[in-house]
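The chain contents come next:
Number of protein chains: 2
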Amino acid sequence: MNIKGAAERSDLPAKTIRYYEEIGLIRPLRDGNGYRAFRDSDIHKLTFLGRARALGFTIEDCRVLLSLYEDKSRASADVKALAKRHLGQINGKIAALESMRDTLTDLYDACNGDHRPDCPILANLALWGG
Amino acid sequence: MNIKGAAERSDLPAKTIRYYEEIGLIRPLRDGNGYRAFRDSDIHKLTFLGRARALGFTIEDCRVLLSLYEDKSRASADVKALAKRHLGQINGKIAALESMRDTLTDLYDACNGDHRPDCPILANLALWGG
DNA sequence: CTGGGGCTTCCAGTGGGGGGAAGGTCAAGA
DNA sequence: TCTTGACCTTCCCCCCACTGGAAGCCCCAG
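Line order of the protein sequences matches chains G and Y.
In this text, residue positions in the first sequence follow this note's numbering: the first is 1, and each later residue adds one.
In this text, residue positions in the second sequence follow this note's numbering: the first is 131, and each later residue adds one.
No lab work stands behind these hints: they were computed from the structure.
Mixed in with the good hints, there may be bad ones.
[Unchecked claim] SDA-like mimics (lysine to any residue), calculated; alpha carbons at most 25 Å apart, straight line:
#1 G:Lys93 <-> Y:Gly180
#2 Y:Lys145 <-> Y:Leu159
#3 Y:Lys202 <-> G:Asn112
#4 Y:Lys223 <-> G:Thr58
#5 G:Lys84 <-> Y:Asp191
#6 G:Lys15 <-> G:Arg27
#7 G:Lys93 <-> Y:Lys134
#8 Y:Lys202 <-> Y:Ile220
#9 G:Lys84 <-> G:Leu25
#10 G:Lys93 <-> Y:Lys202
#11 G:Lys15 <-> G:Glu60
#12 Y:Lys202 <-> G:Asp61
#13 Y:Lys134 <-> G:Pro13
#14 Y:Lys223 <-> G:Arg101
#15 Y:Lys214 <-> G:Lys15
#16 G:Lys93 <-> G:Thr58
#17 G:Lys15 <-> G:Arg39
#18 Y:Lys214 <-> G:Gly113
#19 G:Lys84 <-> G:Glu98
#20 G:Lys93 <-> Y:Asp141
#21 G:Lys4 <-> G:Thr16
#22 Y:Lys202 <-> G:Glu60
#23 Y:Lys214 <-> G:Thr103
#24 Y:Lys214 <-> G:Asn124
#25 Y:Lys214 <-> G:Gly92
#26 G:Lys84 <-> G:Ile94
#27 Y:Lys202 <-> G:Lys15
#28 Y:Lys202 <-> G:Asp106
#29 G:Lys93 <-> Y:Arg231
#30 Y:Lys214 <-> Y:Leu198
#31 G:Lys4 <-> G:Arg18
#32 Y:Lys202 <-> G:Asp109
Taking the hints into account, I'd like the entire structure generated from these sequences.
See below:
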């Protein structure tokens, strides 16, 4: 299967697939004409990667997850530890965003949003040394 | 004031300050020796930028916010609209992260995390065509 | 044999800086 | 006066995870 079919079946852009090969996440075969030849196992890995990326795992995490997946003697504790670390990072990002949202919502609600220049949002941003 | 003092007073790395000058957010003067000479107004803008960035505004949003801040005939509605758009983006990111977190938490809880290889996390990532 | 769609590689850019080299400048101390 | 060390400058590459586009090869239908 050529890259377009692989892209459709894995629901990943062809560019991304080439990139994943470049960084060694997949190693598709090559036809005589130099075209990539994707096996089912390649498509399988690609969908795996797509799902892991959709859960927010970094590429390097994905690399580890893929190797754990292929290692039939893995310990599920290793996978769970990776997931825990990632959950912690997700929660950190959510907390940061919620903090931004709360502050910004307060300022937003305090701004009357009319034609006049007075604006608590700008006033807060301009706080001198606070 | 040299860049180090500006960095301390604005609580921004010197590298960041140079970058902000490079992209035209600030325009500090120069001493005869080529050193940047920061006025109070420059420091003021830098702290403004630091706060706006801390609220998650992009650099381009910051540029607009700064110009609105300096435009004494601005309408607060313009600021409010920008804040609204940004709040929408923040909420979108939070929703995406919460979705990841929920999915991953379910998988995490279902994984017993022992020495055995069976792992619902990997099994989910490996779902074929689901 | 021509056209168009597929495929290849390579280069550049994204956002928001960070790291570090190479070299100029300045002030304090010996 | 000389040296040392802290500071400053520009310059270029690196990060992540792609994305866009150019230049050029391959293959099949008409």
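Notebook entry, point to check: In ascending order, which of the hints set out earlier in this document are inconsistent with the structure?
Noted result: Hints 5, 7, 8, 10, 12, 13, 15, 22, 27 are the ones this structure does not satisfy, whereas the remaining hints hold.
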